[in-house]
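Chemist: Sequence:
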Amino acid sequence: MEQNTQRFPLIGEKAPSFEAETTQGKISFPNDYKGKWVVFFSHPADFTPVCTTEFMTFASMMPEFEKLNCKLLGLSIDSTYSHIAWLRTIKEKIEYKGMKNVEVTFPVISDLTMDVSRAFGMLQPSASSTQAVRAVFMIDPSAVVRAILYYPLSNGRNVDEVMRLLVAMQMSDSNKVATPANWRPGDDVIVPPAGSCGTAKERVEKPEKDTKVLDWFMVMKKCPKQGD
6 MEQNTQRFPL IGEKAPSFEA ETTQGKISFP NDYKGKWVVF FSHPADFTPV CTTEFMTFAS
66 MMPEFEKLNC KLLGLSIDST YSHIAWLRTI KEKIEYKGMK NVEVTFPVIS DLTMDVSRAF
126 GMLQPSASST QAVRAVFMID PSAVVRAILY YPLSNGRNVD EVMRLLVAMQ MSDSNKVATP
186 ANWRPGDDVI VPPAGSCGTA KERVEKPEKD TKVLDWFMVM KKCPKQGD
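In the working numbering, the protein residues as written are 6 to 233.
A hint or two may mislead.
What the hints assert, rightly or not - Using 27 Å as the maximum straight-line C-alpha spacing, the simulated DSSO-like pairs for lysine-lysine come out as follows:
{"no.": "1", "residue 1": "LYS41", "residue 2": "LYS19"}
{"no.": "2", "residue 1": "LYS72", "residue 2": "LYS226"}
{"no.": "3", "residue 1": "LYS206", "residue 2": "LYS226"}
{"no.": "4", "residue 1": "LYS96", "residue 2": "LYS39"}
{"no.": "5", "residue 1": "LYS181", "residue 2": "LYS72"}
{"no.": "6", "residue 1": "LYS217", "residue 2": "LYS230"}
{"no.": "7", "residue 1": "LYS230", "residue 2": "LYS72"}
{"no.": "8", "residue 1": "LYS39", "residue 2": "LYS76"}
{"no.": "9", "residue 1": "LYS181", "residue 2": "LYS206"}
{"no.": "10", "residue 1": "LYS76", "residue 2": "LYS217"}
{"no.": "11", "residue 1": "LYS41", "residue 2": "LYS72"}
{"no.": "12", "residue 1": "LYS227", "residue 2": "LYS72"}
{"no.": "13", "residue 1": "LYS31", "residue 2": "LYS76"}
{"no.": "14", "residue 1": "LYS181", "residue 2": "LYS19"}
{"no.": "15", "residue 1": "LYS181", "residue 2": "LYS41"}
{"no.": "16", "residue 1": "LYS19", "residue 2": "LYS72"}
{"no.": "17", "residue 1": "LYS230", "residue 2": "LYS211"}
{"no.": "18", "residue 1": "LYS76", "residue 2": "LYS230"}
{"no.": "19", "residue 1": "LYS211", "residue 2": "LYS181"}
{"no.": "20", "residue 1": "LYS98", "residue 2": "LYS76"}
{"no.": "21", "residue 1": "LYS19", "residue 2": "LYS31"}
{"no.": "22", "residue 1": "LYS227", "residue 2": "LYS206"}
{"no.": "23", "residue 1": "LYS96", "residue 2": "LYS76"}
These are computed hints drawn from the structure, not numbers from a lab.
The whole structure should be built from the sequences, with the hints applied where relevant.
Modeler: This is the structure:
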């Protein structure tokens, strides 16, 4: 039997464009987000406990994302009226890890037709036929998909990791460097590998100032200031 699969946009591809109704009015993507990073994330349903903790965490960290020129955008297949009722309940009744009176002001898309969810591959029939899975698409100011994260329905996302990855990608873009495992701002970064034998030899024999040569293919240097 042929499986009904949906291709999602891959890293390096343009994110699908769409128009949608949200809790903050109608949006047009990517036109309304030109020049901005976007963290676009889906959740299975309103009035669910895992999603509630995620939305409270994203909303509480929204000012930090804004400082990084990044907008948050949520989605579920529920209606705008359901979204509004749920977000009001979060603000008025829910306290979690010291967070209370949390107001979610980023747009939450109502995707009753599932068109946006399908375009981004957020529907995975093996997990659920009626709910979007926990997907995160990190999209750069040119509307190009730069990172994709998927979580199962049962487990909440690590919003600190989403933030860390955003900072790391911006560091790489600004300074043409890579970041090692578990990189945090201030840690050493990786100089791109040598592109020729001559460059590799020179890096080992005459290392540049402030670099640490572990081998010809692995050169570290101090973390530049963001934007340097």
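Chemist: Against this structure, judge whether each hint is valid.
Modeler: Against the structure, the hints:
Simply put, LYS41 and LYS19 have alpha-carbon atoms about 14 Å apart, close enough for the 27 Å limit, and the pair holds. The straight-line distance between the Cα atoms of LYS72 and LYS226 is roughly 26 Å, inside the 27 Å bound, and the hint therefore holds. The straight-line distance between the Cα atoms of LYS206 and LYS226 is roughly 18 Å, inside the 27 Å bound, and the hint therefore holds. Only pairs whose Cα atoms come within 27 Å are accepted, and LYS96 paired with LYS39 is rejected, the gap being roughly 30 Å.
Between LYS181 and LYS72 the alpha-carbon distance is near 21 Å, which keeps this suggested pair within the 27 Å criterion. Under the criterion of a C-alpha separation no larger than 27 Å, the hint pairing LYS217 with LYS230 is consistent with the structure, at around 18 Å. Distance restraint check for LYS230 and LYS72: the Cα-Cα separation of roughly 15 Å lies within the 27 Å cut-off, and the hinted pair is therefore satisfied. For the given pair, LYS39 sits about 11 Å from LYS76 by alpha-carbon distance, which is consistent with the 27 Å threshold.
With a C-alpha separation of about 21 Å, the suggested pairing of LYS181 with LYS206 holds against the 27 Å cut-off. As the CA atoms of LYS76 and LYS217 are separated by approximately 36 Å, the hinted pair breaks the 27 Å bound. Restraint check for LYS41 and LYS72: the C-alpha separation of about 11 Å stays at or below 27 Å, so the hint holds. Restraint check: the Cα-Cα separation between LYS227 and LYS72 comes to about 23 Å, which is no more than 27 Å; the hinted pair holds.
Under the criterion of a C-alpha separation no larger than 27 Å, the hint pairing LYS31 with LYS76 is consistent with the structure, at around 15 Å. As the CA atoms of LYS181 and LYS19 are separated by approximately 21 Å, the hinted pair is consistent with the 27 Å bound. For the given pair, LYS181 sits about 20 Å from LYS41 by alpha-carbon distance, which is consistent with the 27 Å threshold. Only pairs whose Cα atoms come within 27 Å are accepted, and LYS19 paired with LYS72 is accepted, the gap being roughly 24 Å.
For the given pair, LYS230 sits about 25 Å from LYS211 by alpha-carbon distance, which is consistent with the 27 Å threshold. Distance check on the hinted pair: LYS76 and LYS230 sit about 22 Å apart at the alpha-carbon level, within 27 Å; holds. A hinted pair counts as satisfied when its Cα atoms are at most 27 Å apart, and LYS211 with LYS181 qualifies at roughly 21 Å. Distance restraint check for LYS98 and LYS76: the Cα-Cα separation of roughly 26 Å lies within the 27 Å cut-off, and the hinted pair is therefore satisfied.
Using a Cα cut-off of 27 Å, the hinted pair LYS19 and LYS31 holds, with the two alpha carbons roughly 21 Å apart. Taking the CA atoms of LYS227 and LYS206, the gap is near 21 Å; set against the 27 Å cutoff, the hint holds. Distance hint between LYS96 and LYS76 is fulfilled; the C-alpha atoms sit about 20 Å from each other, no more than 27 Å.
Hint compliance for this structure: hints 4, 10 are broken, all remaining hints hold.
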